[in-house]
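Sequential numbering from 12 applies to the sequence shown in the numbering used here.
These are computed hints drawn from the structure, not numbers from a lab. Predicted model only: the values in this text are computed from it and were never measured. The reader is advised that the hints may include incorrect statements.
Said to hold, decoys possible - Below, in silico cross-link-like pairs of lysine-lysine (DSS-like), each with a Cα-Cα straight-line distance of 27 Å or less: (1) LYS15 with LYS48; (2) LYS151 with LYS56; (3) LYS68 with LYS15; (4) LYS15 with LYS61; (5) LYS68 with LYS25; (6) LYS48 with LYS20; (7) LYS93 with LYS56; (8) LYS56 with LYS148; (9) LYS68 with LYS17; (10) LYS61 with LYS151; (11) LYS61 with LYS185; (12) LYS148 with LYS64; (13) LYS68 with LYS56; (14) LYS20 with LYS62; (15) LYS185 with LYS56; (16) LYS64 with LYS15; (17) LYS62 with LYS15; (18) LYS15 with LYS76; (19) LYS174 with LYS68; (20) LYS48 with LYS93; (21) LYS93 with LYS17; (22) LYS175 with LYS68; (23) LYS151 with LYS62; (24) LYS62 with LYS93; (25) LYS103 with LYS25; (26) LYS17 with LYS62; (27) LYS174 with LYS76; (28) LYS56 with LYS20; (29) LYS68 with LYS185; (30) LYS175 with LYS64; (31) LYS25 with LYS56; (32) LYS76 with LYS61; (33) LYS185 with LYS48; (34) LYS20 with LYS76; (35) LYS20 with LYS64; (36) LYS151 with LYS93; (37) LYS62 with LYS175.
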Amino acid sequence: YLMKQKAYKEALLKLSENDSIQLVLNLRDSTINLSIKGVFIHQTKIEEFKKDKFLNKLSLVQEIKLLSQPISVQSQYATIVKEPIVVNHAPKDTIEAALNVSQPDTLIQNPAFVAFSLEHNLRLILEQDENTDFNDKWEKFRFYSHLSSETILRSAEHYFGFKKQEYIPTITIKIPVDDLRAIYRALPSRAFIVVYL
Numbered sequence: 012y013l014m015k016q017k018a019y020k021e022a023l024l025k026l027s028e029n030d031s032i033q034l035v036l037n038l039r040d041s042t043i044n045l046s047i048k049g050v051f052i053h054q055t056k057i058e059e060f061k062k063d064k065f066l067n068k069l070s071l072v073q074e075i076k077l078l079s080q081p082i083s084v085q086s087q088y089a090t091i092v093k094e095p096i097v098v099n100h101a102p103k104d105t106i107e108a109a110l111n112v113s114q115p116d117t118l119i120q121n122p123a124f125v126a127f128s129l130e131h132n133l134r135l136i137l138e139q140d141e142n143t144d145f146n147d148k149w150e151k152f153r154f155y156s157h158l159s160s161e162t163i164l165r166s167a168e169h170y171f172g173f174k175k176q177e178y179i180p181t182i183t184i185k186i187p188v189d190d191l192r193a194i195y196r197a198l199p200s201r202a203f204i205v206v207y208l
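Construct the entire structure; sequences and hints are all you get.
This is the structure in structure tokens:
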């Protein structure tokens, strides 16, 4: 336990050298945090998480080697608009201006699902914690269909290229939808993540 904690602290120390906002995932205390220069600026409680059985089978040495430094995000796929834009037209007169004050935000908020492809062939998936209506369930189906299609294509490329097949251990986390959107939009495209299993 102490060795894991030491590796986690080392990773946080290395993460603090970076100037941009980064992600800290602590599965031990079920929190996900945004960090900048070593200071946590936003914390969210994880509602539910699932980690690949492969990660439970890592030896202590393998786990420490893997998690004692920040892990870089290689690519990301999301159902969320990264930089939302709301178009507001200037009012023609004072009456129209008064009406605009009471209008709700017209930004369409899609259901929130995010997949981060990480170095060391890992994947982190963030899901909204509730899927109450048809639109949520349909978007979740589309999201996972996209990930499955990518996996099948990659497997075919490896097969026909006579390369070794890849296995991608995955951590799936459910958090409140508003927090998920805030976290995704705050992170840079080339983010780093610290994971504490």
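Do the hints match the structure? See the list:
no., hint, in the structure
1, LYS15 with LYS48, "holds, 22 Å"
2, LYS151 with LYS56, "holds, 21 Å"
3, LYS68 with LYS15, "holds, 15 Å"
4, LYS15 with LYS61, "holds, 19 Å"
5, LYS68 with LYS25, "holds, 26 Å"
6, LYS48 with LYS20, "holds, 14 Å"
7, LYS93 with LYS56, "holds, 22 Å"
8, LYS56 with LYS148, "holds, 23 Å"
9, LYS68 with LYS17, "holds, 20 Å"
10, LYS61 with LYS151, "holds, 17 Å"
11, LYS61 with LYS185, "holds, 9 Å"
12, LYS148 with LYS64, "holds, 26 Å"
13, LYS68 with LYS56, "holds, 26 Å"
14, LYS20 with LYS62, "holds, 21 Å"
15, LYS185 with LYS56, "holds, 9 Å"
16, LYS64 with LYS15, "holds, 18 Å"
17, LYS62 with LYS15, "holds, 17 Å"
18, LYS15 with LYS76, "holds, 10 Å"
19, LYS174 with LYS68, "holds, 25 Å"
20, LYS48 with LYS93, "holds, 23 Å"
21, LYS93 with LYS17, "violated, 34 Å"
22, LYS175 with LYS68, "holds, 21 Å"
23, LYS151 with LYS62, "holds, 19 Å"
24, LYS62 with LYS93, "holds, 26 Å"
25, LYS103 with LYS25, "violated, 54 Å"
26, LYS17 with LYS62, "holds, 22 Å"
27, LYS174 with LYS76, "holds, 26 Å"
28, LYS56 with LYS20, "holds, 20 Å"
29, LYS68 with LYS185, "holds, 23 Å"
30, LYS175 with LYS64, "holds, 21 Å"
31, LYS25 with LYS56, "holds, 24 Å"
32, LYS76 with LYS61, "holds, 22 Å"
33, LYS185 with LYS48, "holds, 26 Å"
34, LYS20 with LYS76, "holds, 13 Å"
35, LYS20 with LYS64, "holds, 24 Å"
36, LYS151 with LYS93, "holds, 18 Å"
37, LYS62 with LYS175, "holds, 24 Å"
In this structure, the hints that do not hold are numbers 21, 25, in rising order.
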